[in-house]
Amino acid sequence: MTTYTPNMNEMGSGTAVPPSPTPQTDILRTAETLRWQIGQNFHEQLMEDIYTEAARIADRAVTRPNEKPRFDLDRTIDRIVTSRIWGFPLMVLLFTVVFWLTISGANIPSGWLSALLLDTVHPLLKAGAAAIHMPWWLSGLLIDGMYLATAWVVSVMLPPMAIFFPLFTLLEDFGYLPRVAFNLDNVFRKSGAHGKQALSMMMGFGCNAAGVVATRVIDSPRERLIAIITNNFALCNGRWPTQILIATLFIGGLVPAYLAGLVSALAVVSIAVLGVLLSFALSWGLSRSILKGEVSTFSLELPPYRPPRVWQTIYTSVIDRTLIVLWRAVTFALPAGAIIWLMANVTIGGTSIAEYLINFLNPLGLLIGLNGVILVAYIVAIPANEIVIPTILMLTVLVTGITGVGAGAGVMFDMNGSAMKGLLDTGGWTLLTAVNLMLFSLIHNPCSTTIYTIYKETGSKKWTLIASLLPVAMGFIVTFLVAQVWRLVTG
Amino acid sequence: MTTSNKINSHTASECATCPAHHAGNLLKLGVDMSDFDYVVALAGNPNVGKSTVFNALTGLRQHTGNWPGKTVARAEGGFSYGDGRYKIVDLPGTYSLLSTSKDEEVARDFILFGQPDVTIIVVDATRLERNLNLVLQVLEITDRAVIALNLIDEAKRHGLEVDERRLARDLGVPVVPMAARQGEGIAELLQAVHEVTTGQTVCKPHRVKSESTAVRHALDKLVQQLLAQFPSLPNARWVALRLLDGDQRIVEAVCSGEIDDLISQEPVQRPEDLLITLEAA
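Respectively, the protein sequence lines represent chains E and A.
The number in our numbering is simply the position in the first sequence, starting from 1, with 227 added.
The number in our numbering is simply the position in the second sequence, starting from 1, with 84 added.
Bound conformation, chain A alone (with noise of 0.2 Å):
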């Protein structure tokens, strides 16, 4: 599988490491979320295949089609695998998670601030390069992910080969190529998900270094100054760097407090946000 599998020697033998081994213990459980636990969030670009992922985990059938948009809000659904119950949210698709679109926005929130447990970042085979610009979004505010190299089929048929081990030392995530379409890498990932929600791979998401020290200098002290005031932020550095670009959503949570309810509790979905500057018109 990949090279970041950190397997620890307990694990009894090579058979339990094996995706085949687990394959059949795969009960999708549809809507039933009851006593999950483990959260896993599916993020990536519009169009890669993250409903048709979450259809074939939970056995239930959200919109799926071939075209950019189908998923405006968030679906979850429930498996379990090996023994552990996991609840599992599937997000609009998304460039960038510096959202403009509020199908964008609940993205965000949610892997901001939903604290997955896992985040499962589909990427597509054939346009890895625009992909790879979210992975590394996605990468810089957590520690837990695995990618789903998706439509490796179609890769394929275009004469592309995608080294899943080099990608996976790069990103320090472990990747498992996939056809979700005809199901074929399902059991890999979900042993993927499994090891790392269990701590046996260990993460070592790549982070991108190239910020001045004048940048760097002013993290530290924006770090800082927002852990002293919320002490439980998940990923101050991220929010640090989005007060920074001046990002009004960012700023809103923090100046009104909501930034704690949001890491405290689940994301709050407010549509008609959207309109009321109209309104206001």
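Bound-form chain E, shown alone (with noise of 0.2 Å):
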């Protein structure tokens, strides 16, 4: 067993010079000679004098003509958003909220966008196709393969992201993130974590590869780690369409109409916390297993609040982060539609490569209330999550015998029994199969560019293992359970 051994720079002064005489070690060994001669307080006093000196020259420059309101607002806000009951209940709040208007707000142009792009414009391309005697092959590769793959990611991914992404970086912006990790460091330091966990597990929720980079803020290594294994657990923006469209259709999909958003909203919610609470249990079991060690204070800044600049931060938010990750899953979603269209036309005796892959991974699908389709989905989805539901679209129309591809999609977001529920349930999906769905998105390994990232922060072989099969085992474990207790309840 590995436990945490402090590094050079936490043991203070002892430092280790290689006995070969160079000029370099001559350098070093006079500074050695030089620092007993110039007593204990060196650093002390070499800090206190910059100390005293910025107080002087900052005293000089700065007047305050009124002591009065300083700061005020900002300490009254901060007193509600970080007090001990209305800390956790307002975050909450504030994210329902964000959750509920990109859900109920997506609606409407994703049922536009898959109405021009699966039933108008894959229509038109098969006819133009036909009308060219393009071969058969080549159209089902381009048009029923990487279109319409591509065509399932922008209208699935594109409204809720527009909407997203903007309401969080107003959020950033405004000064609240802060205030998030301020009220989150004691539950991550009883779990043996760094408080500032709590900002790249912000950063996770828009991407994981940026939140492992952001763990550089983190100062020990040990900690650091345990910030790089949990950041799977916040669910980035490639999950995001995933949990809001699968909650949108079976956990909405059971209340009246008028509450089937705000149900939605919260279903995605629960899933985000509970995201949050594995961070907390994985941390709390890394820091008492592989990864001991004690916790490193620090001091963590509240700014001031200020008011966001809403055009600026819509601007850059739809241009930079919202493109940028459509684009990104556009580029993953055109081979990975080839990929599926050639797994369900190349037969090997009559029956398809995907069918094959689909009926063997089924038992073990069915054993942990998912199916085939789905962990066949998850495997083509590695470089990206932001594929897997149309993988799981294109391969449930192959399994069912469904046929007209372009009608079975129907809108997206419809609330009672759409086209695309329709195509689910006679795919066998239950209830089940969409919890568990939600909970495997949400525990599984992280993306490719994810471990990459790990690996290149980390520079370890073994932590990137890790930090990848562990989420995927606790995966299956949870799923597990769930379809256990479920089947036991339910009969």
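Treat the hints as calculated values from the structure; they're not laboratory data.
Computed from a predicted model, the values in this text were never measured in an experiment.
Among these hints, one or two may not hold up.
[What the hints assert, rightly or not] Per the computed footprint, the stretches of chain A lying under chain E, defined by three or more beta-carbons under 8 Å from a beta-carbon of chain E, are:
| hint | region |
| --- | --- |
| 1 | 245 to 251 |
| 2 | 308 to 316 |
[To be verified] Just so you have them, the derived chain E footprint on chain A, three or more residues with Cβ under 8 Å:
| hint | region |
| --- | --- |
| 3 | 161 to 174 |
| 4 | 322 to 331 |
C-beta atoms are modelled at their ideal positions from N, C-alpha and C, and glycine is treated no differently.
Starting from the two chains in their separate frames, assemble the complex, guided by the hints.
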């Protein structure tokens, strides 16, 4: 078992000097001798001099004509949003509102987009391909494979992202994130992790690869590793659309239409909160097993609240985040679409490769309350979580043998018995499948970009492997348990 | 503008020294950093607006947000102003140069060994005292710096008045009051940077001088040895200070001779350093 040992930096003034006498070691020897001569409090004296000087200069330059209101509004807001009683409920409320706005706002444009891209453009492309006598396999590969996967990615992802990112960025610009870190600090400390892990987790809600890089703000290697390994439980933007879609179709569908948006939002928030809880749990486990050590202290500055620059925020979050993320999804969807189409159309002994795979994974899938289609989709989607839903849809179409794929897609965010829900129901989906898909989407391996980033940041194959495999194992265990309990309860 | 400006007589007219005259000359070059004449570093405490200034100068859109610790790696961009092309490097925020974490080390290595032609130190006008701690440390190691006194609008709203002339005189470098989010002061900042790079403004940075005789002797001795071994070391005194303080990173750099590489080329970034101890454990 490995335990953490502090590095040289933390051990104080003992410095290792190699024995061979080179000019360099001479310098270091001199430094060491001199250090003893000048006495113990040299460092403190140095710092004190700088502080005194800074205070003196600042004092001369700054005048406070009226000593009165200073930061008063900020303090009032802080007292509420970081209070012991209201801090957490307000946090949950705020994020629920953000998701509710995202879900109810994304419905309509998603409908438009899928009507345009799937129901109008797709048949047109097929007709065009037929008119120029394109061979069936080429039009299948290009239009039914690559185009369709991309069209699904765009219509499922674009609207929620275009709403979610600006809202989140506005909160960030306002100065709310450090308060979240402040609220969560105590829990993180109790679970043996660094309080700043809250910040890297926040970045993870946008993208896990960015979250892993953001752990650089944590100075202790032990706590930084914990933050890297647990970052995967911050739902990234590749997974938000999956959560939102499944929650809308299966959980929002359980309640009357006027409540559907709110209930779906709550379901998504629950999954996100579960992710945070899992972060705590895993941090706790790691800091008591393979990453033992002391929790380091740090100071976190609560910056002043600033009125967000609304238009600039909307512009940059749409251009920089939404479109960049969408572009990444599209570049992964194009080859994935081709692969899915090939898997579905290359047959060995009358059965397609996809069917072989699905049938092979189906028993395992059913055991954990999912199915073979979903597991195959997760394998295809290792490069990018964004394409999970399109893959599932295309494979389900294949397995259930529904003809007319464009029509089968229907309107994506229709609440009551939409074509898509119909398709999934035909594929044998139940509420358990939906719940476990949401759980598995939260708890599985990071995407390949994140895995690569973890490798770059840690420089260690061992920790990259742990960070990649631990979540999948947890995902299988959690979904398996949920499936067993569910089946016991529902008989 | 600032009192520390010593404008040489050959600068033609009053107009030429007015920031407004040059304001139209800023050309945001984005990531185009080819054939640059000068390197500018952006340093400062976390969350004071470095990335906002960076974006305003380069036209790039580095992630900005109201929390400390957004920038964890170096970002580079270019702009041209007057007849000079500049490469500008946005550094992670740091409270001090006695770094502990990875992001702070990125900042320190660049200021120390990247040899920027000018270091812009962005400071938060509402928290001047704490920000000056870093300013004084940076001024220990460079002769060419400009203070961007940012968030001056917020300071005013809180009833604070900062006398930038006095500050410039005390620190010995130009001080430019700014509200970077609103784009105020960018023209003046560019002018100040331009004047420092071209030598029209000569900085006389404030140095903390309260060392005891023993320390001064120790420093002199070390500096002598360091310069004998590394003749091109730009800030031997600071390196000597860090050696006396037992700074492990600097000890390693001297020991392996890496300090010489750091001087002659771009600073190396090695994120994997951090976890080597863990691996060995």
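Results of checking the hints against the structure:
1. 245 to 251: Coverage by chain E holds here, the residue count being 6 at a Cβ distance below 8 Å.
2. 308 to 316: Coverage by chain E holds here, the residue count being 4 at a Cβ distance below 8 Å.
3. 161 to 174: violated (count 0)
4. 322 to 331: With 6 residues in contact (Cβ-Cβ under 8 Å with chain E), the coverage given for the region 322 to 331 of chain A holds.
Of the hints listed earlier, the one the structure fails to meet is number 3.
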